[in-house]
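Please put together the full structure from these sequences, using the hints given.
Residues 1249 to 1465, numbered by the numbering used here, are exactly what the sequence shown covers, in order.
Warning: the hint list may mix true and false statements.
[As the list claims (entries may be wrong)] Computed cross-link-like contacts, DSSO-like style, restricted to lysine-lysine with a CA-CA straight-line distance of at most 27 Å:
1) Lys-1452 - Lys-1309
2) Lys-1340 - Lys-1363
3) Lys-1263 - Lys-1309
4) Lys-1422 - Lys-1363
5) Lys-1263 - Lys-1339
6) Lys-1362 - Lys-1340
7) Lys-1362 - Lys-1422
[Said to hold, decoys possible] Computed beta-carbon distance windows for the label pairs:
8) Gly-1368 - Ser-1456: 47 to 53 Å
9) Lys-1452 - Asn-1298: 23 to 29 Å
10) Pro-1376 - Ser-1300: 18 to 24 Å
Read the hints as simulated data drawn from the structure, not as lab findings. Note that CB positions come from ideal geometry on N, CA and C, so glycine has one too.
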Amino acid sequence: MGLFLKTGAGRRLRKYRIHINDRILQLGLPGNLARDLPHSNILGEIDLNNSSSYDKNDNIKITYLMWDYCWPIWKNLGDRVGFLDFSLYIKKYPLETPCRTLEEVEELLRYHFKKRYPEGNEWGETPPSDYQVVNINGQDWLQIFWPGKNCMTGNEFIYYLPLNNQHLLYFRFKVGFGEKAKRIGKRYYEQALNDMERIRDSVKLIESASSSNALIA
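Written as structure tokens, this is what we have:
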């Protein structure tokens, strides 16, 4: 953790195993969560065939977590420099939707973002255009980088992996910092990216596994 930070994601990763039918998703998450945000529950057992698992938008929210980065203790206590948040979801699509390959997923997402944020939309949003395939622990994921409109909205890094012909596993990071943090924002941002990469590089989907206790410390 950077010396100038009073709080942040920290160094130690706590390991989790999330069962998704006959697969296991492994990942590591650090402590030092934002003080004003309660720790989100992390689903340990997910049945893709259980309709009650999905919200009205056909998503399964596995978890959402946030970390604060603050001024040094000799500055104003609790004055947040910036934040890193992490969310993990499964998205269900109609069976006829082509989403089995990363190429199909990219085409689907480009269509979705263009439809949601047409040119001249009222929110002033520009759809992401930076798509690339990245390898995480031997598996290819589609990565999207979506720059924020300003430092407060934060830059987004989103990763997608097809589970089958109907489901996408995806996780998202958002990195942002406050107006007061411009002078040290670069040092904070580098630390936040380092924490983000440690979480990202801990993610691994094991393709076949027998069911057992879902969550480990």
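- Against the earlier hints, flag every one the structure doesn't satisfy and list their numbers going up. Number 10 - this is the single hint that the structure violates.
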